[in-house]
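Protein chains: 4
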Amino acid sequence: MNKFIRIRALSIILVLLTVLPVFAQVKKNSLKLPAIPGYELLKCDFHMHTVFSDGMVWPTTRVLEANQEGLDAIALTEHIEYTPKSEDFTSKDHLRSYAIAEKSAKELGIILIKGTEITRRMAPGHFNVLFVKDANVFETFVNKDDTRDGKNIAETLAEAKKQGAFVFWNHPWFQHPENRSEWQKIHEELYQKGLISGIEVVNGDRYDSLVFKWCLDKNLTVMSNSDIHAPMVLFPGQYRAMTLVLAKDRSEKGIQEALVNHRTIACMEGQLFGKEEWVKPVVENSLIVKARQINDKTAILEIENISGIPYKLELTDASGIKFRLNSPLNDFTLDALSQNTITISSSNFVKGTEYSVKLNVLNVQVGAGKPLEYILKFRL
Amino acid sequence: MNKFIRIRALSIILVLLTVLPVFAQVKKNSLKLPAIPGYELLKCDFHMHTVFSDGMVWPTTRVLEANQEGLDAIALTEHIEYTPKSEDFTSKDHLRSYAIAEKSAKELGIILIKGTEITRRMAPGHFNVLFVKDANVFETFVNKDDTRDGKNIAETLAEAKKQGAFVFWNHPWFQHPENRSEWQKIHEELYQKGLISGIEVVNGDRYDSLVFKWCLDKNLTVMSNSDIHAPMVLFPGQYRAMTLVLAKDRSEKGIQEALVNHRTIACMEGQLFGKEEWVKPVVENSLIVKARQINDKTAILEIENISGIPYKLELTDASGIKFRLNSPLNDFTLDALSQNTITISSSNFVKGTEYSVKLNVLNVQVGAGKPLEYILKFRL
Amino acid sequence: MNKFIRIRALSIILVLLTVLPVFAQVKKNSLKLPAIPGYELLKCDFHMHTVFSDGMVWPTTRVLEANQEGLDAIALTEHIEYTPKSEDFTSKDHLRSYAIAEKSAKELGIILIKGTEITRRMAPGHFNVLFVKDANVFETFVNKDDTRDGKNIAETLAEAKKQGAFVFWNHPWFQHPENRSEWQKIHEELYQKGLISGIEVVNGDRYDSLVFKWCLDKNLTVMSNSDIHAPMVLFPGQYRAMTLVLAKDRSEKGIQEALVNHRTIACMEGQLFGKEEWVKPVVENSLIVKARQINDKTAILEIENISGIPYKLELTDASGIKFRLNSPLNDFTLDALSQNTITISSSNFVKGTEYSVKLNVLNVQVGAGKPLEYILKFRL
Amino acid sequence: MNKFIRIRALSIILVLLTVLPVFAQVKKNSLKLPAIPGYELLKCDFHMHTVFSDGMVWPTTRVLEANQEGLDAIALTEHIEYTPKSEDFTSKDHLRSYAIAEKSAKELGIILIKGTEITRRMAPGHFNVLFVKDANVFETFVNKDDTRDGKNIAETLAEAKKQGAFVFWNHPWFQHPENRSEWQKIHEELYQKGLISGIEVVNGDRYDSLVFKWCLDKNLTVMSNSDIHAPMVLFPGQYRAMTLVLAKDRSEKGIQEALVNHRTIACMEGQLFGKEEWVKPVVENSLIVKARQINDKTAILEIENISGIPYKLELTDASGIKFRLNSPLNDFTLDALSQNTITISSSNFVKGTEYSVKLNVLNVQVGAGKPLEYILKFRL
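Each protein sequence line maps, in turn, to chains A, B, C and D. Going letter by letter, the first sequence gives residues 1 to 380 in the working numbering. Going letter by letter, the second sequence gives residues 1 to 380 in the working numbering. Going letter by letter, the third sequence gives residues 1 to 380 in the working numbering. Going letter by letter, the fourth sequence gives residues 1 to 380 in the working numbering.
Incorrect hints may have been included.
[To be verified] Okay, derived cross-link-like pairs now, DSSO-like style, lysine-lysine, Cα gap no bigger than 27 Å in a straight line:
1. Lys28/B to Lys312/D
2. Lys161/B to Lys106/A
3. Lys92/A to Lys351/B
4. Lys297/B to Lys85/C
5. Lys28/D to Lys358/B
6. Lys297/C to Lys32/A
7. Lys161/B to Lys253/B
8. Lys312/D to Lys32/B
9. Lys106/A to Lys290/C
10. Lys92/B to Lys106/B
11. Lys28/C to Lys28/D
12. Lys161/A to Lys275/A
13. Lys103/D to Lys351/B
14. Lys312/D to Lys358/D
15. Lys297/C to Lys85/B
The set of hints was computed from the structure by calculation and includes no laboratory data. Note that the coordinates shown come from a computational prediction; the quantities given were computed from them, not determined experimentally.
Just need the whole structure built from these sequences, with the hints factored in.
Take a look at the structure:
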């Protein structure tokens, strides 16, 4: 029994529903996250496409994929200006994919956010507009200004703001002649006017450290999205790029409030990028440490990682307690959902003493190239 | 770098093609088959759906999936009578998905066969019409007769035959009240009139031994298809149900000739179902055997399986050469693309003698419940 | 970084310990089990060999393997009568492997139980003696009686009993001419005299339903062991055969008390065999169920399996609440450490009502061929 | 049926051989290599340990492991000076492990080479002596000189040379205070006297580029070995470090001649290190390329990698034929035993023309940090 068959079963249900009651199962491939006191830690993807712009799947498939991956919220963000299949479709509504997917999302408990993608040549580039009320109005902006030159993008995003939307800049490196991100004059203008609230630090399989730096320096919300066009094909234990949102409650309003207040973490292929105040509790609540002394020279740590994120650790300082390390082993990884036994040696372990070891969490960054520091404490 | 990203890259290309020349790679997950003297052994899937009936993906995606799996030929077989998304589409053409997918198929060297699915309640059930010339004509057959009762199916299939099409009966167990296949009066009538040429022995993940028996008894072509509606999600080493066709040449005509003359094998999850004359050369050309004598009691066989099909073998008779078996080990498997060392013992091995061992190939059936017999020969 | 390298690192440590303090990690591949109120659920393997009988590894390797798999207790049970490498060893002590492994076991917190294997031809077969005090005394029993005929086995096991040992019969099918288990006169005699307290229902990769029946009928302790001779090679998520012991505390005494009082479960390749009163709490504490009503016809269950055991479920009765099932889906599996969404349909769901569904847990047996019945309850 | 069980079956056979003839299977996990015209490409591991020095397994286990991995030759190289388990063994013979393993090796067709490890503190470090005739003589060298200071290593290796042995320096970084390789005065002396013929460029999971440079500069034989102490635990598709030997025939003599004449390649985790003249034919015979033109702007390459080595390719120059690359995709990997479709675009493809593309094979190095250049040629 495989994933293909399980998903296939779901689509068959649509055919059969009129005939038979049904008992259908989806085996999830869901990134396990620890509970964070005070917040709901929500898994979100705010950038994806369906056949209603240049994607390859029907809108409900995006909901089924999200359900299988245990996502809390998604947005179908069709291009306003690029709809290569439009001659095949009767509807010209830019939220048609939302309308089609809405029922399945509700049934499966997935928060479906209205969104669209404003698609201009770089500069200024592409912008996602979340919590949009009227997407079709942007069609007239394409007609009015010349999208080739990206004129009047400020006017366009002002309309988005007027609708109460949350706007972020997508993949800032896209279509740049050198394939790198550049903060140009137009971006400064949009930023100064408060028309951009976040940027994609991660899009698909690319992370950009410069963009992460911009977010931290300019207090913009860190975003990470799949921008998936094709069907989502993931093996067990493999996850799409997503934005982890620390929301006060699991609702559309809760997500919007968290985005506006920058409580997000970019998550990509087992790496986290975010402010220290948000990533630190994720790491600390992922690890359960127990210590046991063997003799005055040896102790054993049992560390369980209850999260789906593998932590890559580097020992930086244990000198205060006269640790020394076997050098080939100063880097080590606590795999996802794993239990680990670590034998440590010292010149003199004393019963009842609390020891602490400083570690860099190499795959969790709190600044561009700057790993989170994690203090592993244990008492013998 | 993962499969998801690779496939995604392909769809991005569509966007970029106007801008940049491209060097794009698809890592295939293709079932490796041995060469069969005198024939091209083609991997085909003659039953699948896209958004243009009740499938969930755009037609070109079916071509990309087929390319990734190394298929030689596919048919997009949209339902004539069941098009739940039709209000969203401008075209009423029942071969619209063919028209959209044609260019990609040609570029990637995949044979795209025109097909459609005649969809009646059981009995008579569903029928695929391959090599169809005019699919839209069947629309009028729906209007004319009452599909609810499946009247005039003979008239409908006669039209298919008039077009020179190849017709087969799909998943004969579908919608049967007991979920089993039943040869009803209407099927006998269609068969007597020569209006059915094959039956699906396999559909998706279900194989039906009774249907296999019908095919052999009535000389109907053995068919095996995915009937995929959702995106195709396969892990490496996992393959869809497919019909292996022994064609005289790799072309649409070659496939049609082979189907008409029953030269097919049903292939599903590492199992083959077909006439002995077609499956035997597949097995024999998959295995390379070398023998080495250790002493008068022991010899070693080195068996390489150069195919992607794992062979499950059961020793049935080695008595002629005074073999005896360690009973827990009389079943063994030669994994896909594997090398195996097998130690055999006898009371008296004689140098220069040819030995032969009779084995049942449990996963290759030449009759319902009847495994292929394979004679493993080696000379010491 | 792979398992091979990690384990290899451990053995290097032995060389280096005099030179350097060390920080060494073992990534465990440990079967995750739920907490059971009132008991410690311990993972034990009471049957294995080292180079000191016919095994292939040094005794400490068995401790490292056990640590990597997160076992709580093991016994090295060398054959008294079969020590093919003895000419290479200076020691004739039958507990030499225990003496060598003792220190590592203590350091890694693994309970190492003194054991040995009394090895007679069938009948009577092989018997493991746990908590043995003097193993060498059995050497004289070999000399005194004729092991070829298995005479005086009662006298031998009486000596074991005198030492306060726990005796169980190993792989009762071994060396039987038809490779099946048979309760012979000698076994009845030993049983009547109280000289056998348990039997291996599982040995390595073989489970025997007849032996399970004997255990339940005769109130003997259910045992499951690896009987490993070669190095233990397991892929992640693959586990050896083990005896799950419901002990009052995690200690040698605790294990002995539980064995004597039959509080064990045989565990093999994702299957459990045991008395209903012991397996039921394992299943119930593995599954967390949440329900959500969509409308009067549809509800969604979110089921998390927090254990490493995959549960194969079969719906047997939901008639009381007018469930009906989509027949191809009445069997389903909740994978290890998985989250699952199950959509259920009914003719009329009523808010606030508690529903219950009867399921057979096909891979958890409470009698030979008799699955555990599990009542899945949820309130809408 | 798993690997553990298969290997376990083999050891059980030893017990049963007197009773029953046997039909036993080993599923190999063997690195597939292409045929190289003029040579046998042999997979060898010349450095490993058993319980007879500081290893953890019985000698025959090393042969079974080698058989499972499809190795052609191995050497059990016990330390002369470090035998921590010696008090348990009756034999003081330093080739005792060879004597025990010899019969199995012969039966399974594995070339077992007599070897030992001369173990001095750095400097000079450890040296493996292959094709040794009398290992015990080195015992007296330990007594005579002071191993603590490594005096008289030249005298020791001269004895090895007198026996016609092939001597190589092991893991030159081992016990260096900074954990790096250093060519010290003593090594220059040994080299000048012709007492070292090769060096380990790879030991276990460590490759040292400086050592590779030494080998090429000083014309020393490139060696790569596992130095395995614990049991060998490999997942399918994972291989130990090994030395690929281009021998004129598959024999002990053939291997010795090839080692003396430097015809070796170091192979570790899908990487090859060696002289261009030896690695180039491996790559070229691994890849089968077919081209197909779609139109004047697009062509398709079908590349099959028939080897078990994944090739990581980087496009360096296609300017001569006016290729341009989609920049995120100028690196790509041809997985082991894979088929790949590569779409290439150009401004103007001309039918009948031969095109060539220069690629760096990033995982195949012909100098320290210098990838092999591979010219991919195709005709449209």
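Evaluated hints:
1. Distance check on the hinted pair: Lys28/B and Lys312/D sit about 16 Å apart at the alpha-carbon level, within 27 Å; holds.
2. Of the supplied pair hints, the one linking Lys161/B and Lys106/A is violated, its CA atoms being roughly 46 Å apart against a limit of 27 Å.
3. For a cut-off of 27 Å, the pair hint linking Lys92/A to Lys351/B is broken: about 81 Å separates their Cα positions.
4. Of the pairs offered as hints, the one joining Lys297/B and Lys85/C holds, with about 24 Å between alpha carbons and a cut-off of 27 Å not exceeded.
5. The straight-line distance between the Cα atoms of Lys28/D and Lys358/B is roughly 23 Å, inside the 27 Å bound, and the hint therefore holds.
6. Taking the CA atoms of Lys297/C and Lys32/A, the gap is near 30 Å; set against the 27 Å cutoff, the hint is violated.
7. Taking the CA atoms of Lys161/B and Lys253/B, the gap is about 16 Å. The hint holds against a cut of 27 Å.
8. For the hint pairing Lys312/D with Lys32/B, the CA-to-CA distance comes to about 22 Å; that is within 27 Å, so the pair holds.
9. Taken as a hint, the Lys106/A and Lys290/C pair is honoured in the structure, with Cα atoms around 17 Å apart against an allowance of 27 Å.
10. Among the hinted pairs, Lys92/B with Lys106/B is consistent with the structure: their alpha-carbon atoms are about 24 Å apart, no more than 27 Å.
11. For the given pair, Lys28/C sits about 26 Å from Lys28/D by alpha-carbon distance, which is consistent with the 27 Å threshold.
12. Of the supplied pair hints, the one linking Lys161/A and Lys275/A holds, its CA atoms being roughly 26 Å apart against a limit of 27 Å.
13. A threshold of 27 Å between alpha carbons decides the hint, and for Lys103/D with Lys351/B the separation of about 20 Å falls inside it, so the pair holds.
14. In summary, the hint linking Lys312/D to Lys358/D is supported, as the alpha carbons are separated by about 13 Å, within the 27 Å threshold.
15. The hinted pair formed by Lys297/C and Lys85/B meets the criterion: a straight-line CA distance of about 24 Å does not exceed 27 Å.
Checked against the numbered hints above, the structure violates hints 2, 3 and 6; every other hint is satisfied.
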